[in-house]
Structures are given as C-alpha cells and as structure tokens.
Amino acid sequence: MSGHSTYEPNSPIERWLDTRLPIIRFSADLLAFPTPRNLNYWWTFGGILAFCLGVQIVTGVVLAMHYDPSGARAFDSVEQHIMRDVNYGWLIRGIHATGASMFFVAVYIHILRGIYYGSFKAPREVLWLLGCIIYVLMMATAFMGYVLPWGQMSFWGAKVITNLLGALPVIGQPITTLLWGGFSVDSPTLNRFYSLHYLLPFVIAAVVGLHIWALHVPGNNNPTGVNVRSETDTVAFHPYYTVKDAFAVGLFVIMFAVFVFYLPEALSKVDNATPANPLVTPAHIVPEWYLLPFYAILRAIPDKLTGVLALGAAIGMLFILPWLDRSKVRSMRYRPTARIYFFIWIIAVLALGWCGSQEPDGVVIPGAPGPNLIDYPINSVTWLSRISAIYYFVYFLVITPFLRETPLPVPDSLYTPVLSKPDAAPGLARQSVEG
Amino acid sequence: MGRPVFPLALLAGLLLQAAPGLAATTQAPPLDVHWSFQGPFGQYDQEQLQRGYMVYREVCASCHAMKMVAFRNLGDPGGPFWNPKYPNPNDNPVVKSIAKDYQIATIDSDTGDPAKRPGTSADYFPSPFANDIAARAANGGALPPDMSLLAKAREGGAAYIYSIVTGDGTIAPRGLTIPPGKYYDPYIGGDVSSYWSGNPNGVPTGGFIAMPPPLTPGKVTFDDKTPSTVAQEAKDVAAFLQWASDPKMEERKQSGLAVMIFLVIFTGLLYGSYRAIWRDVGH
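Sequence lines, in order, name chains A and B. Counted from 1, the first sequence has number 416 at position 416 by the numbering used here; the numbering is strictly sequential. Counted from 1, the second sequence has number 26 at position 26 by the numbering used here; the numbering is strictly sequential.
Okay, chain A solo, but in the shape it has when bound (with noise of 0.2 Å):
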C-alpha cells in the first residue's frame, strides 16, 4: 500500500491473475510491509485484537445456531440449552462471554499505548480516529450483547442504558421508543438487540479493514516516535512481526483460557443467573467493568442530561486528541513532565472504574470522619468520582494543550537506542561496524 511493491509474479497463473486482480501481490505486500524493527510488546495487541475479533464472531455465529431470541426463550435458550445441552455449548458461549472482557482488556491497552507513543499526532490522525469509531462500536456491541442472556442485569442494564439516551431533548424520546421497539424494555428490545449485535461485529470488522489501510499508508509508530529513515531501520512484517505477535496471542490466550475454564463466572454478575423480571429490581445496577468508568462520570453528575453529555465528550475526548496535543516530540519515553500526568490520568480512570461499581455514598476510606459537602459526604464514592471526573477532562482539555515541558533529546534514528545497548542487537552492531 505504500512504497514500492517487492511481488514477482512467478508462474504464468499469477501474471495472468496479476494483471487482473492483484490479490496475491496486495497479500505479499501485507506480508512483506516494512516494519519498524524497535516495536515492543506493547505493539502486539493490535494483533491480539484482530485475533480476539476473529474469537468472537466464530463463537458468535455458532451461539446464533442455538440461540432464541424471543423474550420468554432467550434465558432458556442460554442457560438451559447452550449451557447444558448443546455439545460444548458451555465452551463456545464460556469463550464468547469471556472474550468479551479479554477484547477489552487488549482495547485498552491498545489505546494507552497509542497514548502513551503519541501514535495520534500526525500523520497518523485519520488512523486514530478510526480507531476511536471501532472502540465505540465495540462498546455498542457489548452492551447489546450482554443484554442477549436475558438474565436481571442483562435486563435492567438495558433498561438504564437505553433510558439515558431519554434525556436527549426533543429526540430522546423518539429515539428511546424506536429502540425499545415499544414502550418499555421487552421482547421486540431484544430481537433488534439480536440482529444489531450480528450486524455490528462486521461494521467493527469492516472498520478495522479501514485501520489496518491507515495503518499502511505512514506505516507504524514506534517506541521512540522518530519517523523511519531507511530501511535499515525496518524489518518485513512477516516472518518477524507475526512470530512476535503470535508468541504474544499465545501467552494472551493462556490468560483467556484460565478464566474459560476455571473462573467461567468471575467476570460476570450473579444476578445474571436469574431470569429477567421488569417487576424486580436489583439493588445495584452495575454495567459490565469495561464501561464502569463513565457510569461513574455519568454519576457523578447530579443532573440526567448534563450527565449523559459528559458520559458522552469523555469518550469524545479520544476523538479530539490529536488536536489537543500540540507537543512535537511523539513519544512520552521523551516527556517526563507529561508522562506523569498520564499516569495520573490512569490512576483516575482506575478510581472512576472503582467508583462505577461502588454505590454513590459508599464510603471510600472506611473509619474516616466525611463531612458533607453539598449533597453527599467528602468521604464518598460520589465525590471521588467526581475529583477524577474533573481531572479526567483536565488532563485533556488543560494539561494536554497547555502543558509547559522540557523533553529530554529524542534520539537521530529510531535504532540508536538500540545500539546503545549492543547484546540485544548483535546483528545491527555488527552492519554498523562494517557500514
């Protein structure tokens, strides 16, 4: 896709297929597509995600096989049929139900790394935002299909999502019927959950399509941020990034495996065990984890629709960044000053995550005295939630932008650091010497 194609065709079949539609030389490409040879393993969850992607539909499509839609079937259908019934069903919907946090743990930090490299800054905005739009997707696609089983916190988890969309003014209200298919969460609610969350998973597919073809336009970032320079500073993809990547999808998938099979119910809520019941409500509606970092947000927040649209820009914050970060360095490694204040950033997120599982006056610091502040007392979920609420938008809007630093010298060539350390590069050490 970019740079020059190396593809000879070699037999008459390939130049006859070459001149017509080049799909082997487009593979070979792929393939042979210059990568920078300083990528660590933080580079390899792109990888894990498309294989985690892969993970889902397979096991999707066949749960679809066994699967009732239907308001008085569904809960059946999972925990009587699939669960117990359908040879492996306990496997293939343990897998998919897992892969859902284990697609998430590899999105996020996907993400920070993009952060944390600068893979945002230009020229690789467009690559970005792409990936903003997929990690939306994703978000629509796991809460619908968490909503699938039928159980009370599938039920009441759609009930609080969908309703929020209700505060929109003017729209909120058509939309939220639309939805619903109704006036209320009901069967026709799950039926259009169902088709949307076939459907989605190959919009995120068709998206990634798009990423990977931004990614091979300015090709990939690295942990230096310095822009490749020549070839020496690159290997092939292949056999070099995807050894890597498959080491690192192995030892990936150890993890998944353990949860599979030996922890199939800790990512899950207990009350999912029950069947959906619109005249009893849980004590606590939580979202899955993955989302628990904007239900704090959108908690945190006194008012519905002031909630719902800062719930909204915190995602949107992702999308802008490219533009909020006007630092020429790329890479953080080079920014001490700013590399703490994503740390903290971090820490936030973590605490807001904490908070979003938390009830709103739960005490945060258990035995210390919490006088109250305006509505809640200091020593509360609420409140914790709320200081990291600010620094959350703080750190984009004012730190990001604003941020006065000294970065360290970024170093001429992507691989000068690693000739500074010359037993983990013997094969460099030696050209250099030679060169």
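Since the hints were made in silico from the structure, they are not lab data. Do not rely on the hints blindly, as some may be mistaken.
[Unchecked claim] Computed footprint of chain A on chain B; a stretch qualifies when at least three of its residues, placed anywhere within it, have a C-beta under 8 Å from a C-beta of chain A: (1) 146–157; (2) 250–256; (3) 268–277.
[Unchecked claim] Facing chain A, according to a computed beta carbon distance under 10 Å, are these residues of chain B, among others: (4) P40; (5) D76; (6) V259; (7) M260; (8) V264.
[Stated by the list, open to error] Just the calculated beta-carbon pair ranges, DEER-fashion: (9) B:P40 / A:H238: 34 to 42 Å; (10) B:Q38 / A:P123: 49 to 57 Å; (11) B:N139 / A:Y262: 32 to 40 Å; (12) A:L30 / B:I265: 28 to 36 Å; (13) A:V136 / B:L269: 50 to 58 Å; (14) B:E47 / A:H238: 18 to 26 Å; (15) B:V264 / A:P278: 43 to 51 Å.
None of the values given here were measured: they were computed from a predicted structure. We put the CB at the ideal spot given by N, CA and C, even for glycine.
Fit chain B to the given chain A structure using the hints.
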C-alpha cells in the same frame, strides 16, 4: 477486577417481605465450608451428590422447582448417578426408576384431554406448583425460587445455600420481633431495624426468610448410612445444587487441564521460533 459483593434486592423480593431501607441491608458472611469441587482440580463427590439428591427430593422438591434439570442429567458424567456402564444416561436403571416415580402431564392421544403418564429419562423434573401465583399462595406470599441455577445466582454459591439453610430459624436475639410466618436468618440479606427494640447500634445482621427451617436431624435416611445431621444434610444438598447449577464443571476442568498443557507447550514453541527468527536482528 473482582466481583463486587452486593446483596440482592432480588433475594429480598423472592424470599423476604417488607425489607424497608435496602441501603441498610446487612448479612453475615457465608460459613466457611470445604467442598470437594473447590480448586482447579476439584471434582464432585458422587456419594455426596446422591445424598444431596435425596435431600432435594424428600425436602426441597415439595416447594422448589428445578425445571432446567432432566432426569437423564442425573446419569450424565459428573452427575449423582453417572455409571460408566451406561454412557447413554437414558439407559441408566437408577435414572429410569427415579423418572418412573414421577407423574408427568401429557395429553391423552385419544381424547385430547389433559392426562398423566409415568416419567421417562428424557423428562424434566416437574414443578411442584402450576405457576408462580399458586406457589406464592401456598407459601404465605413468598415465591420459592427455582433451584436449577440457585448456586450460580447467589453470591457465595453453595456456601451461601449451606449457611441460609442452617441459619434459618436461628433463635433471634432478645428485642427482635419476628413477623408472623417469617423466620430469622443471619445469613440472608435484610434489614431488621424496624423490628428491633434493643440498642439501635446493635441491630442484628441478616433478615427474615419465609421458608420454615427445612432440615431436622434424621429427616432424611441416607442409603450409605451417613448420619443425617442438619449440617450433613445441608452440606449435601448445597453440593447437589452446585452440581445442578454447573453440571459441566468436571468436563470443563478436565478439558481445561489438557488445554493449558497444550497452550504452555505451544507458546513455548512460539517463543523459541521468535528467538530463532530474531536471533541476528537488532531490536
């Protein structure tokens, strides 16, 4: 990220009545019980499952349905009556004789009238009540929950069930007024403060349950001569309900072991390939 511990309003709805102020819900942590199915290699104790099944059949089943479990499941691998001689559990004589003791609703093929026939291995456990309203009417307004997924649907699982059953009918501390038709249970989530006349800072933990204490010593006579104390009966039935919730656990853990061994070797080979391919490349 761990599972947040939260008491369930659901429980309150199903088992309790009048639990004012859910925010102040308290409950004692489930008792610490050792189970044969704990840990990555833990399996069900088949004799325990058989005893638990007896407790279920003779005590629980008069009020609690278990509609996701079929008679044939009792003879599945890992189940209470699994016998390797009968790989198809429908042929298992124990399963067949259990099924035959039940009368299953059917339709008379000549007249079309509702009728009854003896159960077969393929049938599911019939529910004790025709519907939820009938179940509530017979149980003082409380709905006995279906037991198919009970251990999975309660924080604490089998230990919680054991605790609830043994804690049911605990002698209430002086100063606690127990509403008619209810029993005090320290292990169930609830808020008894409005029934408490003692020290306001010493409100007893737990709540009220509509189920009368279900087990008494000697209530069930075990075939294997195990003394039937309340603790033994409760532990066995909790183990049985764990199996009912998670009947594929043994298959899952056995496959898991093979998968883990494969993955570790495979990933080791990938690491070796990675080192070999990158041997002469600086990075």
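Hints versus structure:
no.: 1; hint: 146–157; verdict: holds (count 6)
no.: 2; hint: 250–256; verdict: holds (count 5)
no.: 3; hint: 268–277; verdict: holds (count 5)
no.: 4; hint: P40; verdict: holds (5 Å)
no.: 5; hint: D76; verdict: holds (9 Å)
no.: 6; hint: V259; verdict: holds (5 Å)
no.: 7; hint: M260; verdict: holds (6 Å)
no.: 8; hint: V264; verdict: holds (7 Å)
no.: 9; hint: B:P40 / A:H238: 34 to 42 Å; verdict: holds (37 Å)
no.: 10; hint: B:Q38 / A:P123: 49 to 57 Å; verdict: holds (55 Å)
no.: 11; hint: B:N139 / A:Y262: 32 to 40 Å; verdict: holds (38 Å)
no.: 12; hint: A:L30 / B:I265: 28 to 36 Å; verdict: holds (29 Å)
no.: 13; hint: A:V136 / B:L269: 50 to 58 Å; verdict: violated (38 Å)
no.: 14; hint: B:E47 / A:H238: 18 to 26 Å; verdict: violated (57 Å)
no.: 15; hint: B:V264 / A:P278: 43 to 51 Å; verdict: holds (47 Å)
In terms of the numbered hints stated before, the structure departs from hints 13, 14, listed from lowest to highest.
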